[in-house]
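K.L.:
The residues making up each chain are set out below.
Protein chains: 2
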Amino acid sequence: MDIKQYMQDVGIRARAASRAMARADSATRNRALSLIAAAIVRDADLLRAANRRDLDAAAAAGLAPAMLDRLTLSDAAIATMVEGLTQIVALADPIGEISNMKYRPTGIQVGQMRVPLGVIGIIYEARPNVTVDAAGLCIKSGNATILRGGSEAIHCNRALAKLVAEGLAGAGLPQDAVQVIDTTDRAAVGALITMPEYVDVIVPRGGKGLIARLMEEATVPMIKHLDGICHVYIDAKADLAKALDIGFNAKCHRYGTCNTMETLLVARAIAPQVLPQLAERYLTKQVELRADPEALAILAGYPHLVAATEEDWRTEYLAAILSIKVVDGIDEAMDHINQYSSRHTEAIITEDYSDALRFLREVDSASVMVNASTRFADGFEYGLGAEIGISNDKLHARGPVGLEGLTSLKYVVFGHGEVRT
Amino acid sequence: MDIKQYMQDVGIRARAASRAMARADSATRNRALSLIAAAIVRDADLLRAANRRDLDAAAAAGLAPAMLDRLTLSDAAIATMVEGLTQIVALADPIGEISNMKYRPTGIQVGQMRVPLGVIGIIYEARPNVTVDAAGLCIKSGNATILRGGSEAIHCNRALAKLVAEGLAGAGLPQDAVQVIDTTDRAAVGALITMPEYVDVIVPRGGKGLIARLMEEATVPMIKHLDGICHVYIDAKADLAKALDIGFNAKCHRYGTCNTMETLLVARAIAPQVLPQLAERYLTKQVELRADPEALAILAGYPHLVAATEEDWRTEYLAAILSIKVVDGIDEAMDHINQYSSRHTEAIITEDYSDALRFLREVDSASVMVNASTRFADGFEYGLGAEIGISNDKLHARGPVGLEGLTSLKYVVFGHGEVRT
Numbered sequence: 001m002d003i004k005q006y007m008q009d010v011g012i013r014a015r016a017a018s019r020a021m022a023r024a025d026s027a028t029r030n031r032a033l034s035l036i037a038a039a040i041v042r043d044a045d046l047l048r049a050a051n052r053r054d055l056d057a058a059a060a061a062g063l064a065p066a067m068l069d070r071l072t073l074s075d076a077a078i079a080t081m082v083e084g085l086t087q088i089v090a091l092a093d094p095i096g097e098i099s100n101m102k103y104r105p106t107g108i109q110v111g112q113m114r115v116p117l118g119v120i121g122i123i124y125e126a127r128p129n130v131t132v133d134a135a136g137l138c139i140k141s142g143n144a145t146i147l148r149g150g151s152e153a154i155h156c157n158r159a160l161a162k163l164v165a166e167g168l169a170g171a172g173l174p175q176d177a178v179q180v181i182d183t184t185d186r187a188a189v190g191a192l193i194t195m196p197e198y199v200d201v202i203v204p205r206g207g208k209g210l211i212a213r214l215m216e217e218a219t220v221p222m223i224k225h226l227d228g229i230c231h232v233y234i235d236a237k238a239d240l241a242k243a244l245d246i247g248f249n250a251k252c253h254r255y256g257t258c259n260t261m262e263t264l265l266v267a268r269a270i271a272p273q274v275l276p277q278l279a280e281r282y283l284t285k286q287v288e289l290r291a292d293p294e295a296l297a298i299l300a301g302y303p304h305l306v307a308a309t310e311e312d313w314r315t316e317y318l319a320a321i322l323s324i325k326v327v328d329g330i331d332e333a334m335d336h337i338n339q340y341s342s343r344h345t346e347a348i349i350t351e352d353y354s355d356a357l358r359f360l361r362e363v364d365s366a367s368v369m370v371n372a373s374t375r376f377a378d379g380f381e382y383g384l385g386a387e388i389g390i391s392n393d394k395l396h397a398r399g400p401v402g403l404e405g406l407t408s409l410k411y412v413v414f415g416h417g418e419v420r421t
Numbered sequence: 001m002d003i004k005q006y007m008q009d010v011g012i013r014a015r016a017a018s019r020a021m022a023r024a025d026s027a028t029r030n031r032a033l034s035l036i037a038a039a040i041v042r043d044a045d046l047l048r049a050a051n052r053r054d055l056d057a058a059a060a061a062g063l064a065p066a067m068l069d070r071l072t073l074s075d076a077a078i079a080t081m082v083e084g085l086t087q088i089v090a091l092a093d094p095i096g097e098i099s100n101m102k103y104r105p106t107g108i109q110v111g112q113m114r115v116p117l118g119v120i121g122i123i124y125e126a127r128p129n130v131t132v133d134a135a136g137l138c139i140k141s142g143n144a145t146i147l148r149g150g151s152e153a154i155h156c157n158r159a160l161a162k163l164v165a166e167g168l169a170g171a172g173l174p175q176d177a178v179q180v181i182d183t184t185d186r187a188a189v190g191a192l193i194t195m196p197e198y199v200d201v202i203v204p205r206g207g208k209g210l211i212a213r214l215m216e217e218a219t220v221p222m223i224k225h226l227d228g229i230c231h232v233y234i235d236a237k238a239d240l241a242k243a244l245d246i247g248f249n250a251k252c253h254r255y256g257t258c259n260t261m262e263t264l265l266v267a268r269a270i271a272p273q274v275l276p277q278l279a280e281r282y283l284t285k286q287v288e289l290r291a292d293p294e295a296l297a298i299l300a301g302y303p304h305l306v307a308a309t310e311e312d313w314r315t316e317y318l319a320a321i322l323s324i325k326v327v328d329g330i331d332e333a334m335d336h337i338n339q340y341s342s343r344h345t346e347a348i349i350t351e352d353y354s355d356a357l358r359f360l361r362e363v364d365s366a367s368v369m370v371n372a373s374t375r376f377a378d379g380f381e382y383g384l385g386a387e388i389g390i391s392n393d394k395l396h397a398r399g400p401v402g403l404e405g406l407t408s409l410k411y412v413v414f415g416h417g418e419v420r421t
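In the order they appear, the protein sequences are chains A and B.
Once you know that position 268 of the first sequence is 268 in full-length UniProt numbering, the rest is easy, because the numbers rise by one and skip nothing.
Once you know that position 187 of the second sequence is 187 in full-length UniProt numbering, the rest is easy, because the numbers rise by one and skip nothing.
Do not rely on the hints blindly, as some may be mistaken.
Identical chains blur together in the list; that is why a pair holds if it fits in one copy or across any two.
Straight-line alpha carbon distances no greater than 30 Å define the calculated DSS-like cross-link-like pairs of lysine-lysine that follow [claimed, not checked]:
| id | residue 1 | residue 2 |
| --- | --- | --- |
| 1 | K208 | K285 |
| 2 | K102 | K410 |
| 3 | K285 | K237 |
| 4 | K102 | K237 |
| 5 | K410 | K285 |
| 6 | K4 | K162 |
| 7 | K162 | K102 |
| 8 | K410 | K208 |
| 9 | K102 | K208 |
Since the hints were made in silico from the structure, they are not lab data.
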């Protein structure tokens, strides 16, 4: 098989399908989503059998248990896929919305209309549920999509692709609107991210390694984040109870997520009071603390205490490890964040009005919070209804990306025969 | 001079200055703009002298009269620069605006804040007024900027840079917030468009040749448009008077602009009626008509009539030339537009409600119009107050780009101690 030719054919078909999707009305797109959900319920046994083939191959290939776990399509995972589609149906249609129509002195009326981006390429790793989640968001937002899942999930993804195609056809939409790349050849990814004539944006979902690799080669723009080095700054005027709750939650609610706190900054004035009490909580989870000299002195006696190195400030642990630095106040905290943050999510804990406003305004990250856990930085928690990914970039979508991030605004002009003079 | 090192230093200084700009309040940024305007008025003689040096060098180098004309800083051009700055001062500050703050079931309140992008790189050709226009928009939107003007205008740009620096300093803002590249070495452009760590977006202003060159090398995202192959479609249900006025204005108001019509599509039912009358108007301007076979037959006898080739549908003439095609109706018109348009601006002339709505919804261009001249696609005409450029891309800004296109939205969260459970 000539992969380049195959991918170009996929691209041409996706581009053609995207025109039909952009024309389709809300009811038709929602009908497709409901039909896909029903087909998944009906064919749950077939999906499990396909998943079994993937799992057997993966086990034979010696995949790590954690990977096998992510690859498994459990009954709960199937139910969640179906529930996810149902929730997407219930979301308001973002497409066609016209806003800000205003008359100009010339007599024309100018505003903007929300329209689909066109063709979305999605590259992901083992989890087969992404196939359905991503297809659902793209169908809802009137886009065509090209899905490239992990090679470990190929059987399950093929089975899901058939059900998605059935749902699209049942609603009278082109089956090419959702294409699952039917090869495990890595060259397919290389082709997908370098055909801007057929693909409008790439959403990579996966680990830092995958995304860093894609960034080097991609000529299609990406909605992506590389890592989440998130900070919580406990201000001198912090409410102690809030500082303890958020300091613990932001680190320990889940270790492996990108919105987990990796570095804690504490104002010198409150450090001797707050750090020992926080350490008591961290100890219940055996969290390793990597501390700067001042914090080391305050935390002396904590059983999992290590001196922080420069490298720690740049590290996303994704584990029960936290780096801690004592700072003079909000200026030093923001300087540290500006230098080391991955611009994902930062929070200040304070009761001081002016410090709260300054932190919100001056910290240049996708999410900036006052008195809340960084763990809230997420499409569902923000009320987007669903999330296709998270962006640490500043152009186009920033932060959790929902349906709107898969759309663009074009200008529309209502005229009455006006000409320019 | 080591250009790479020089540009990196420029980048580092710009990044540092961007933090101060993001913190600066509206009054401070406006004061800088007013001081720059006053300095330009005061030093108009010096500017004209610097411009004279550029013009003498350009004349000695044998530059074409049209280029010399664009390079000339006339009294009118100076007055327009000053007036432009005054208008920018009067615009509402886009920075810091918080929108859509909504309570979530968890108790947190989530919304978005508009913030500067950071560092904007602007690459332009001869016109020295762009130095001041671009600096003004970047200062107003709280960004730092790196300006790289045409080498022909280097003396004038240096003189303007001094006045901009004076204005920034007078308002207490860092002079590095606007840096004019002080070398005519082309390697400086290559460096500027490949340092994403210091530059957030590049806005190229210039001809298709410049932009195509930049597109091949840039790793920094660009807000750009390559060309403007704009279409007007005269529907069977068009009002004849509107069709004649707009058909003439869209082509003949100005030939060299990107929003000028290059291809006219006419529904078969109305072509015999509208084309001869339009031709009468085009004849007053000696417009060359390149027609498909049907239009050729209808226009027989027109003195500047040529048979269109496939190449014509792909050509931006920027001249008194128009390609004309007779189509069956709106579907064929939209198919033609989808195939050949540069996605800049398209207009339909019709009194048919359903055709108007279909055209608005289904044509995938940055500006889509009903019964108005394509020449209206412009930041001033749309009410953006000023325009840094036009984008034919779908991500981030699309169509005329004003102050908002130089900003991004970050999420802000007001909490009260909430943690995720």
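K.L.:
Next, verify each hint and record whether it holds.
P.N.:
Evaluation of the provided hints:
no.: 1; hint: K208 / K285; verdict: within (26 Å within a copy, 60 Å between copies)
no.: 2; hint: K102 / K410; verdict: both (15 Å within a copy, 26 Å between copies)
no.: 3; hint: K285 / K237; verdict: within (27 Å within a copy, 73 Å between copies)
no.: 4; hint: K102 / K237; verdict: between (46 Å within a copy, 26 Å between copies)
no.: 5; hint: K410 / K285; verdict: neither (51 Å within a copy, 33 Å between copies)
no.: 6; hint: K4 / K162; verdict: within (23 Å within a copy, 53 Å between copies)
no.: 7; hint: K162 / K102; verdict: neither (46 Å within a copy, 40 Å between copies)
no.: 8; hint: K410 / K208; verdict: between (33 Å within a copy, 22 Å between copies)
no.: 9; hint: K102 / K208; verdict: neither (44 Å within a copy, 32 Å between copies)
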